[in-house]
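Enquirer: Put chain B with the ligand on the given structure of chain A with help from the hints.
From first to last, the protein sequence lines are chains A and B. For the first sequence, the numbering used here assigns the number 272 to the initial residue and increments by one for each residue that follows. For the second sequence, the numbering used here assigns the number 694 to the initial residue and increments by one for each residue that follows.
Hints are not guaranteed to be accurate.
Claimed, not checked - Okay, derived cross-link-like pairs now, DSS-like style, lysine-lysine, Cα gap no bigger than 30 angstroms in a straight line:
1) B:K767 with B:K745
2) A:K493 with B:K702
3) B:K745 with A:K514
4) B:K767 with A:K509
5) A:K296 with B:K723
Calculated from the structure, these hints are not laboratory results.
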Amino acid sequence: MRSVGIIGTGAFLPEKVLTNKDLEKMVNTSDEWIVSRTGIRERRIASDDQACSDLATEAGRRALESAGITADQLDLIIVATVTPDTMFPATACLVQERLQAEKAATFDLSAACSGFIYGIATASQFIATGIYRYVLVIGAECLSKIINWQDRNTCVLFGDGAGAAVLGPVETGGFLSFELGGDGSGGHLLQLPAGGSRLPASQETVEQGLHKLTMAGREVFKFAVRVMQRSAENALEKAGLSKEDIDFLVPHQANIRIIDSSLERLGLSRDKAVINLNRYGNMSSASIPVALDEAVRAGKITAGDTLVLVGFGAGLTWGSAVLKWSGVNGKQ
Amino acid sequence: MEEIFERVKSIIVDRLGVEEGEVTMDASIKDDLGADSLDIMDLVLELETEFKMEISDEQAEKISTVGDVVNFIKSNQ
Ligand SMILES: CC(C)(COP(=O)(O)OP(=O)(O)OC[C@H]1O[C@@H](n2cnc3c(N)ncnc32)[C@H](O)[C@@H]1OP(=O)(O)O)[C@@H](O)C(=O)NCCC(=O)NCCS
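Bound-form chain A, shown alone (with noise of 0.2 angstroms):
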């Protein structure tokens, strides 16, 4: 088996912002109550005539130039979502028609806020092995346009974005381990619920909003604050490393609270966390991927550094991955 490691970041962020302050016009909420409440300032909203696709191929993009390779060399393109274009044809055969990536086979993954990790996991998995050398996973949502602009339970919490990496083999550092999992019985905690083969479009989904996400917040919080810290652990154990190995921490950003507590629970300080959720929001399987290219473009993140990537969501799912920053190949 040889060693696989992440050789390219990019990142692609829609222009338009929406404050705290936009969203108190639209709903009864107030800065205050959000901010203290889930650490978010601000979130991207994409534009109507922009989609999934759009932000993943921009996002792949930068990726591949920041690995140092083109778009020809891809074996394979996974792209983690729950807010395709469409149903189908996948996003990834949208982004590989885009980049020109005439030799990539294309899958998307469905595995929600997990989802990059998932991706990472799966990609890395063909690189060991040697069935493929160069892989681009990409976490791309356009959550803006599954919520319900009414409901500020959830309206305040997500946001619009576009995170990637290329995989492929590297000489030193590289993946450590991961850890994945999956619980079916939290599966109505956080959905949407119609559009799919339960309950296919018709006037009565669309008319009683069922083409929204819905939320149990209460509990996925706790869900969150568990799990985070049990995988991260479990995903330390296998690579052998103990938390005073860790250099940066890359969690899911859905709410530093959550951030906070598990931080607490697993004995890191916050400035191990690398943190974007209050200029994002939630942007689902975007989150993590966004965060780790913002740290290695801004130097916080360098060659050799142990990093836990860490996420959880809908499913339930979560995971975790540790890694040795093996460091980018081209140009950032």
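Expert: For chain B with the ligand alone, kept in the frame of chain A given last:
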């Protein structure tokens, strides 16, 4: 009883960052100790681990003072 109170107190001091002296049986967790709904959920998680028990949302809703917590644990252990 006394022992449960001491264990609850130390969790509250740790999670909410309040002074030990503030944590009396009569203290309201929200109003006197300044916890918001997410602090309370965090506290519930910690109590569940410490006392190896499940506290449902409905049960948590009924808890208002430190004394309520202590009594709840006593009668459900
Ligand atoms: C969403 C979340 C912040 C809500 O916090 P909470 O403390 O559980 O909120 P509650 O629903 O208990 O509501 C507390 C109070 O705030 C109010 N409230 C809820 N949303 C509000 C908002 N946007 N603005 C103002 N007030 C709000 C409620 O109506 C309630 O008021 P009341 O006490 O007068 O009844 C929290 O549950 C959470 O972060 N959950 C996890 C969600 C998540 O991360 N999901 C994605 C995972 S990938």
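Enquirer: Determine for every hint whether it applies to the structure shown.
Expert: Hints and how they fare:
1. B:K767 with B:K745: holds (12 angstroms)
2. A:K493 with B:K702: Cα-Cα ~21 angstroms, so holds.
3. B:K745 with A:K514: Distance of about 25 angstroms is within 30 angstroms: holds.
4. B:K767 with A:K509: The given pair, whose Cα atoms are some 39 angstroms apart, is violated under the 30 angstroms limit.
5. A:K296 with B:K723: Holds, at about 29 angstroms.
Checked against the numbered hints listed earlier, the structure breaks hint 4 alone; every other hint is satisfied.
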